[in-house]
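Colleague: Construct the entire structure; sequences and hints are all you get.
There are 6 protein chains.
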Amino acid sequence: MSIQSINVRNQFRGKIKEIIEGSVVSEVDVDTPHGIVTSVITTRSIRELGLKPGVEVLALVKATEVSIAKI
Amino acid sequence: MSIQSINVRNQFRGKIKEIIEGSVVSEVDVDTPHGIVTSVITTRSIRELGLKPGVEVLALVKATEVSIAKI
Amino acid sequence: MSIQSINVRNQFRGKIKEIIEGSVVSEVDVDTPHGIVTSVITTRSIRELGLKPGVEVLALVKATEVSIAKI
Amino acid sequence: MSIQSINVRNQFRGKIKEIIEGSVVSEVDVDTPHGIVTSVITTRSIRELGLKPGVEVLALVKATEVSIAKI
Amino acid sequence: MSIQSINVRNQFRGKIKEIIEGSVVSEVDVDTPHGIVTSVITTRSIRELGLKPGVEVLALVKATEVSIAKI
Amino acid sequence: MSIQSINVRNQFRGKIKEIIEGSVVSEVDVDTPHGIVTSVITTRSIRELGLKPGVEVLALVKATEVSIAKI
Chain A
1 MSIQSINVRN
11 QFRGKIKEII
21 EGSVVSEVDV
31 DTPHGIVTSV
41 ITTRSIRELG
51 LKPGVEVLAL
61 VKATEVSIAK
71 I
Chain B
1 MSIQSINVRN
11 QFRGKIKEII
21 EGSVVSEVDV
31 DTPHGIVTSV
41 ITTRSIRELG
51 LKPGVEVLAL
61 VKATEVSIAK
71 I
Chain C
1 MSIQSINVRN
11 QFRGKIKEII
21 EGSVVSEVDV
31 DTPHGIVTSV
41 ITTRSIRELG
51 LKPGVEVLAL
61 VKATEVSIAK
71 I
Chain D
1 MSIQSINVRN
11 QFRGKIKEII
21 EGSVVSEVDV
31 DTPHGIVTSV
41 ITTRSIRELG
51 LKPGVEVLAL
61 VKATEVSIAK
71 I
Chain E
1 MSIQSINVRN
11 QFRGKIKEII
21 EGSVVSEVDV
31 DTPHGIVTSV
41 ITTRSIRELG
51 LKPGVEVLAL
61 VKATEVSIAK
71 I
Chain F
1 MSIQSINVRN
11 QFRGKIKEII
21 EGSVVSEVDV
31 DTPHGIVTSV
41 ITTRSIRELG
51 LKPGVEVLAL
61 VKATEVSIAK
71 I
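Protein chains in written order, with this note's numbering: chain A, 1 to 71; chain B, 1 to 71; chain C, 1 to 71; chain D, 1 to 71; chain E, 1 to 71; chain F, 1 to 71.
What the hints contain is simulated information worked out from the structure, not anything from laboratory work. Relax, there's no trap hidden among the hints.
Here are some of the chain D residues that sit facing chain C, going by a computed Cβ distance under 10 Å: (1) F12; (2) I16; (3) D29; (4) I41; (5) L49; (6) L58; (7) V66; (8) I71.
Even for Gly, the Cβ is constructed at its ideal location relative to N, Cα and C.
Modeller: In structure tokens, the structure reads:
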């Protein structure tokens, strides 16, 4: 089922640069204009979505998950 | 206490563009070189950190909070 | 931009039953075949997605956010 | 210590169908009336709670962790 | 329904010190031996659980939600 | 880049007691004056931050991630 739009405000478009595959979860590094965005998702999802280096994806982050630090 | 470094892999540097203040939580929109990053934090933190438009901040996201969508 | 598929393993399809709107975040109650699923998202997203009672949606939950309790 | 009730609004009751055990975290698939609900928790918790296929559990999700997509 | 035990590894027992109630979410400050632990939950849950200052509670945090900073 | 302060309200100071290293994520157990706080972060972060038993750290938790249970 295709999704039209999602409430997730923070969307970073890019290409997968690298996947570090573990038995349960895997790290997905996405090359975006913001720099590398790193995600940890289940290894099952990696397989079901057919993710591999070069695939174009959106990295999505809910606003309630974003912290703010003063520098 | 100053923090030397943090495990959070996804760090987006920018200036606060706008704050929508609520009684308990507030929305903070951070203007980064590659677009707005939106955060929802407690209104108490807004006050304690002295956040307001123009202040330079880091928006931080833990890798386990990032979802991946195929487009 | 339409999303083809997403890594989020837990997807609950239903119709919005009620929205409790706050100044910054809002509660969205989704009526699914097996009970209400409740979400808190930014009020901006409510407006941008045109969410209101009766609209068909997917409630999505990342596997790393699910806790397990023994009963 | 027994918990009387919890603020977590989204509670899915079911039986564990499968556990994929990793060295640090494990995937727990719970068979609920909503379909399979997938959780990733520490492998230590799996052992301490005595989780295994067939055990009855609650899968719990905080409302702030639920995203909404339009379909 | 009473919960026997939960996978959430981080449990902080204490008494509610203060509740700042908003229309959708509320802040709950719990006085624990670790100091004040702050939680943001739905205002509906505050009412359904009968939370108010003085009530004894557990503040619960999933291990995947904890970040580590070097100082 | 040093961080001056962070919005994360819940900060637990302690020394790392144990690290269980996995291929993608690792468990970090922090010994604080009031008990162990457990975190799951990427194994890459463990290496980049030079985390090991005995190192002094802050365990940080965003208020929106804290659940409340009645006991």
